Amino acid sequence: MTVVRTNIKSRLSKEMAQPGGIAVGVAVQRAEKALGAMQNQCVEMVDGLLGELETGYASGSATTVTKDFPNLYRLSSRIIDIAFCLPGSQIEKAAYALCDLADRGEELGIWDQACIDVHISTLKLLRHGGEALTTAQRLHMVAGLRQATTRRLGKPAAPGEKTA
Amino acid sequence: MSGHRSLLDTDKANLERVNFLVVDDNPMFLDIIASSITSFGVRNIFKCGSAREAKVILQKTTMDFVITEAQMPEEDGYSLIRWIRRDSSDANRQVPVVLVTGHTRQSMVLQGRDCGAHFTVAKPVTPKVLLERIFWVARESRGFIECESYCGPDRRYKRLGPPFGTDGRRAEDVKGELGVPVEANLSQEEIDSFMVPAKVAI
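Here the protein sequences line up with chains A and B, keeping their order.
Per my numbering, residue 1 is the first one in the first sequence, and the count goes up by one each step.
Per my numbering, residue 1001 is the first one in the second sequence, and the count goes up by one each step.
If you are wondering where the hints come from, they were derived from the structure by calculation, not from laboratory data.
Small disclaimer: the values here were computed from a predicted structure and weren't measured.
Cβ coordinates follow ideal geometry from the N, Cα and C atoms, glycine included.
Please note that the accuracy of each hint is not assured.
[As the list claims (entries may be wrong)] What follows is a set of in silico ranges between Cβ atoms, one per label pair, in the way DEER data are often shown:
id, chain 1, residue 1, chain 2, residue 2, range
1, B, P1181, A, N40, 46 to 56 angstroms
2, B, E1183, A, I110, 49 to 59 angstroms
3, A, N40, B, G1049, 43 to 53 angstroms
[As the list claims (entries may be wrong)] Simulated coverage check for chain A against chain B, where a stretch passes if three residues somewhere in it have a Cβ under 8 angstroms from a Cβ of chain B:
id, stretch
4, 48 to 60
5, 78 to 89
6, 124 to 138
All chains should be modelled from the sequences, with the hints used to inform the complete structure.
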């Protein structure tokens, strides 16, 4: 097998070294301010996504639960996309756990309604818990979600390993 | 050295003439990234909602940095990166690419490793992490590998030594029996940290 190895300085590094530009501290501060301006819009979107999850997939609220793994996965992954707007809430970790549940459930062909309900309730609690919940409590809740998925679906396969 | 040191607030960069391409099917995420990189001083940002749109732009414009979501409905980010590495114009084939993902599907873990991205970044992406990756890519001296099974930046950049039980393929790999490992190798960063003078309370 022929392996060709090249070492070329990228245009990016040449351009970045040009005189002028801005300092990292200033750039990050500006970016955080710009994202701050988008925060309310993102929080509204998170609430909208939580609403869709609840009405579509929670057994208590949904009239008929459609076992739609891809959409369940899409909604929870959209929450991760914009979770910067709820710093410290750990909502992105719970949404990640729901992505995991949807992904592995689809792979194994197991729709576990009870486990999905727990994930949706936890997401809502993390969103609305405010200062009543400490970081340790929030992390404990997320760890509980992971355990629930492992208990119901087993441990995830190692990369490249085929699942049953 | 891996060269991946943390950024200092005083580090400076000029990104005014750099061409950035951001690809994601979530318009809100495109706005978040665009807003961050505009604040870094970038003026030329190309936003695309799909891999198909991105390919059209990549055929016409030389990019300096690409950020793509891993999972998109029609064509995913892994496939887009493979296309960039194998089939795009010569000007874009070695462009730095960062793959962003909220969650990696179990079936995609190996694709993520082998598609040819420079880094994978977990969402939600903070401005600091994003800027740090831009600096890392610009500073690093990783070679670009092209062979039948892989095309992209050298994946062995941490210098953890050759895989256990093999002699390794690099000139600097130490050959021969070194004894039975009792724990994981130290990373280059950990080794470097032994040499860094640190302030201590006495």
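Do the hints match the structure? See the list:
About 52 angstroms separates the C-beta atoms of P1181(B) and N40(A), a value consistent with the hinted range of 46 to 56 angstroms. Under the hint 49 to 59 angstroms, the C-beta atoms of E1183(B) and I110(A), about 37 angstroms apart, miss the expected range. For the pair N40(A) and G1049(B), the beta carbons lie near 24 angstroms from each other, so the given range of 43 to 53 angstroms is not met. Check result for the stretch 48 to 60 of chain A against chain B: violated, 0 residues qualifying (beta carbon to beta carbon below 8 angstroms, three or more required).
For the stretch 78 to 89 of chain A, the proposed coverage by chain B is satisfied: 6 residues have a C-beta within less than 8 angstroms of a C-beta in that chain, meeting the threshold of three. Check result for the stretch 124 to 138 of chain A against chain B: violated, 0 residues qualifying (beta carbon to beta carbon below 8 angstroms, three or more required).
Taken one by one, the earlier hints fail for this structure at numbers 2, 3, 4 and 6, listed in ascending order.
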